[in-house]
Amino acid sequence: MHQLTLAEIARALAAKQFSAEELSRELLGRIRQLDPQLNSFITVTEEQALEQARAADARRASGENGALLGAPIAHKDLFCTRGVLTSCASKILTGFKAPYDATVVEKLAAAGTVTLGKLNMDEFAMGSANESSHYGPVKNPWDTSRVPGGSSGGSAAAVAARLIPAATGTDTGGSIRQPAALTNLTGLKPTYGRVSRWGMIAYASSLDQGGPIARTAEDCALLLGAMAGFDPKDSTSVDQPVDDYLAALNQPLTGLRIGLPKEYFGNGLDSRIAERVLAVVEELKKLGASVKDISLPNMKHAIPAYYVIAPAEASSNLSRFDGVRFGYRCENPQNLEDLYKRSRGEGFGAEVKRRIMVGTYALSAGYYDAYYLKAQKIRRLIKNDFLAAFGEVDLILGPTTPNPAWKLGEKANDPVSAYLEDIYTITANLAGIPGLSMPAGFVDGLPVGVQLLAPYFQEGRLLNVAHQYQQVSDWHTRTPTGF
Amino acid sequence: MALERSDVEKIAHLARLGLGESEIPQTTETLNNILGLIDAMQAVNTDGIEPLAHPLETTQRLRADVVTEENHRDEYQAIAPAVENGLYLVPKVIE
Chain A
22 MHQLTLAEIA RALAAKQFSA EELSRELLGR IRQLDPQLNS FITVTEEQAL EQARAADARR
82 ASGENGALLG APIAHKDLFC TRGVLTSCAS KILTGFKAPY DATVVEKLAA AGTVTLGKLN
142 MDEFAMGSAN ESSHYGPVKN PWDTSRVPGG SSGGSAAAVA ARLIPAATGT DTGGSIRQPA
202 ALTNLTGLKP TYGRVSRWGM IAYASSLDQG GPIARTAEDC ALLLGAMAGF DPKDSTSVDQ
262 PVDDYLAALN QPLTGLRIGL PKEYFGNGLD SRIAERVLAV VEELKKLGAS VKDISLPNMK
322 HAIPAYYVIA PAEASSNLSR FDGVRFGYRC ENPQNLEDLY KRSRGEGFGA EVKRRIMVGT
382 YALSAGYYDA YYLKAQKIRR LIKNDFLAAF GEVDLILGPT TPNPAWKLGE KANDPVSAYL
442 EDIYTITANL AGIPGLSMPA GFVDGLPVGV QLLAPYFQEG RLLNVAHQYQ QVSDWHTRTP
502 TGF
Chain B
34 MALERSDVEK IAHLARLGLG ESEIPQTTET LNNILGLIDA MQAVNTDGIE PLAHPLETTQ
94 RLRADVVTEE NHRDEYQAIA PAVENGLYLV PKVIE
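Residue numbers (the numbering used here), protein chains in the order written: chain A, 22 to 504; chain B, 34 to 128.
Just to be clear, a hint being listed does not mean it is correct.
Lysine-lysine pairs mimicking BS3-like chemistry, simulated, CA-CA at most 30 Å apart [as the list claims (entries may be wrong)]:
(1) A/37 x A/128
(2) A/118 x A/128
(3) A/313 x A/112
(4) A/432 x B/125
(5) A/112 x A/321
(6) A/321 x A/254
(7) A/112 x B/43
(8) B/125 x A/112
(9) A/254 x A/283
(10) A/118 x B/125
(11) A/283 x A/112
(12) A/128 x A/283
In case anyone wonders, no lab produced these hints; they're calculated from the structure.
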């Protein structure tokens, strides 16, 4: 049962091969048995899950047959869930039980999904290795001495290990696509504004976007269809109809123009990853696509710009964690300033403090023009690169990451070297365009991802191309040994 | 320009982050490494380029000026560290 994709589960539930309750019990058993090796869950909501599963079975018995009715999933622990701990993997949210559900949680629950729990992540989604969690690092099921990527590392590890068929994640600089790549999964970061951010604890508000992590493009299409849509409660939500992503999957690729940016294949890329990526390109050509070399000349400026914009916005967003209204408060504060400083100093981990300080500095008097404003100008240059490229091609393709999963601890004391791993993913966040990572094979037994980027709101195109590739390849069906 | 210990102390104060004495040297070094990475930005020619604040360049949506929220005080205060009579408690501010 645990090997089934969401689409297969939908068919099996419809055919009454098993009930949603039986399926959830099976997966909850696997989580109990296997997750101690991975640490992918922060909270398992067993009782609530079984209630939801029984409710889904009852809805089905009364004639409903939605594709996600009874489908077990889990949420990254920065989506607020009513009455259940939402920790953002931070000590500062100790005991925080949100008084409401995030819109994404609400929409998926309405579609009948069963939530098995809340998934580990980098603290406040700041990291690329899932090592900054207050609840401990997550291990990669393909090699438990290695990181699963981050920040949605728990989502990726749990899906890769077949503890759940799919999960939600969020992506501010690659936090869905990079862990998906390092664990042999398909993950989609939608266009900025496509998925509501309401109830999704903010890191960098002009970059954050929620999306699905699953094993196939088809499953991502199923989930995105339920997650996406206008939400009046999110002031940056876009009021535009949601495409039929399932219908888009089966479009032929004849005539598809794919651009290969030379900057994605230069120094720093593991040549074995380049080989895997180019092999995917060959397959897509057989399916009717044509290929063109392109250039995104400002890509090299993306990391500096990102590490100004994201920390600046984070320093503002995270000012709400003050030890007064919710979460952790220090012992015996002497005065109000002591209360703020010690609650925050003790409640935030090292990486979060670093980013708050970088952001505070960048926004402080006298530095705004040199940092934040400069970064926003570079942001436009990056967007302009994409607009120019999409005048020539329909889709951009390249590696998702320069290297496969690294060893736990390897970059833990060197944040700058970890930041450089984000090079291929952060441009999509800066420009706000959608991006998808899908399995492209293995290097020394470790998964490799290929990234597809499309113009605004063309999530359907990304899912279409990934689905067509997954019809002629079987990388996405490989399971890590022991899971 | 490299940050010195006093800069780091000032930034930590602005951010209301308590930093232990032992954390300051390491924090200073790491912040300088990060700022070194960021400073590569200064070499980019951005003359005449308009800053981009929102990827889709939309402005804040407006809504009718009517009350849409109900009172959630009890729910919100149920998860607060210290409350009394519907008020959030903090150390004495005015002597």
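Structure-based check of each hint:
{"no.": "1", "hint": "A/37 x A/128", "verdict": "25 Å, holds"}
{"no.": "2", "hint": "A/118 x A/128", "verdict": "19 Å, holds"}
{"no.": "3", "hint": "A/313 x A/112", "verdict": "48 Å, violated"}
{"no.": "4", "hint": "A/432 x B/125", "verdict": "44 Å, violated"}
{"no.": "5", "hint": "A/112 x A/321", "verdict": "35 Å, violated"}
{"no.": "6", "hint": "A/321 x A/254", "verdict": "36 Å, violated"}
{"no.": "7", "hint": "A/112 x B/43", "verdict": "24 Å, holds"}
{"no.": "8", "hint": "B/125 x A/112", "verdict": "25 Å, holds"}
{"no.": "9", "hint": "A/254 x A/283", "verdict": "41 Å, violated"}
{"no.": "10", "hint": "A/118 x B/125", "verdict": "27 Å, holds"}
{"no.": "11", "hint": "A/283 x A/112", "verdict": "42 Å, violated"}
{"no.": "12", "hint": "A/128 x A/283", "verdict": "40 Å, violated"}
The structure fails hints 3, 4, 5, 6, 9, 11, 12 (numbered hints given earlier, in ascending order).
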